[in-house]
Amino acid sequence: MAIPTSSQTIGPFFRAALERPAWSDLTREGVAGEGVRIEGTVYDGDRTPVPDALLELWQADANGSYTHADGRFRGFGRACTDHDGRFWFRTIVPGPVPGANGAVQAPHANLTIFARGLLKRLVTRIYFGDHAEENVRDPLLASIEDAAVRATLIAPRTEHAGGIPVYTFDVVLQGAGETAFLAI
Amino acid sequence: MTDGTQPPYDFPAYTSTIKRHPKRALIEAPQTLSEVTGPTFASPWYGPNATDLSRVDGREAQGQRIIVAGRVLDEDGRPVRGTLVEVWQANAAGRYHHDGDQHDAPLDPNFIGAGQAVTDDEGRWRFLTIRPGAYPWRNTYNAWRPAHIHFSVFGPSFATRMITQMYFPGDPLLETDPVFHSIPDAAARNRLISAYDPQLSEAEYALGYRWDVILRGRGATPVES
Ligand SMILES: [Fe+3]
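In order, the protein sequence lines correspond to chains L and Y. Using the working numbering, the first residue of the first sequence is number 1, and each one after it goes up by one. Using the working numbering, the first residue of the second sequence is number 1001, and each one after it goes up by one.
Everything labelled a hint here was simulated from the structure, so no lab data went into it. Values in this document were obtained by computation on a predicted structure and should not be read as measured data. The beta-carbon is built from N, C-alpha and C at its ideal position, and this holds for glycine as well. There may be inaccurate statements among the hints.
What the hints assert, rightly or not - Here are some chain Y residues pointing at chain L (derived, C-beta under 8 Å):
id : residue
1  : GLY1113
2  : ALA1114
3  : ARG1210
4  : VAL1213
Chain L on its own, in the form it takes in the complex:
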């Protein structure tokens, strides 16, 4: 077996190649399901916003399928943080996804984070706050004993009159409120 190539930081100067504003909107070509926004801020260990992060989202469709039979929705998004460390995705809430040993995983979006100062990427998951019953039964969430750590993976939902619902998901790289990051 060959050894996988070592990771190196994305550095600060990736935008010419990697910034694709259209990719923040996973619904840009249309999709079945309720349109929602996921938005948040990336913070460092001083709670200073991180203006040079790149985030990628990978999720199932409304049926909980990763094959994305509806070819307009690919389940993949990319966003760069702005000067204030903020990012957003427009997407739909995925359906529940099969887990190990017949278990069902609560609806979730897989998130990866690259930034200057990260020699390798971080991986986490966004769960949806209004799916409380499914979240309680989710195998990964259930494996996290510390409720405060578990809560970092659950994005609360806010309704907006005349606008689409917003799920807020901040990424805290270090320290108080540090996001639960995953080894996959």
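Using the hints, position chain Y with the ligand against chain L.
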């Protein structure tokens, strides 16, 4: 993997890691459908291939023309076909086409330094570009990054997604670069250095450098534990 072939998050010699590395241990997450699936590049939704970085609108960039080529392979040596490879780099003078790059070196109107390619059935990719210059950064006093090209690669699943940097053989700046030296294992580190390849060079035109990217397998051992 704790065998030293991947860098740690906490590596103070690279000062940007100090406030950006997580302090809590990563949570072991078993691989599920969420991890073993990933975006595909069968339809060209990601845009056309852009493999000639050496000119803009037919006008030649300044610097030493190079051809950089290689393959994306998995741990068993099998080609990773149809996956997106994105690259970016500084110009010949060591300056990025980026608002945040304050290095007082000339911008080149004929060099953007961004490219993309989807691997063919043998996992191959190839770019024609300009040899990037070294550039100073403020990590420590008088620190300079060795010449490098940034590579972003997807592979077959969310679990294989990775970003790295390709270096050039014989670069004296490699000896002291903390980003390069963040990889503890010397052999793994040295695999980030491309090889000069006379077969890839084109006479009277461009020097060739060869470099392969190896991705972990679809259901491989986690990179970090
Ligand atoms: Fe760089």
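Can we keep the VAL1213 of chain Y interface hint, with Cβ of chain L closer than 8 Å? holds, 5 Å
Hint GLY1113 of chain Y vs chain L: min CB-CB distance below 8 Å? The hint holds - GLY1113 of chain Y has a Cβ within 8 Å of chain L, the shortest such distance being about 6 Å.
Status of the ARG1210 of chain Y interface restraint (C-beta, 8 Å, chain L): violated, 14 Å
ALA1114 of chain Y as an interface hint toward chain L, with CB separation required under 8 Å: holds, 4 Å
The structure shown violates just one earlier hint, number 3.
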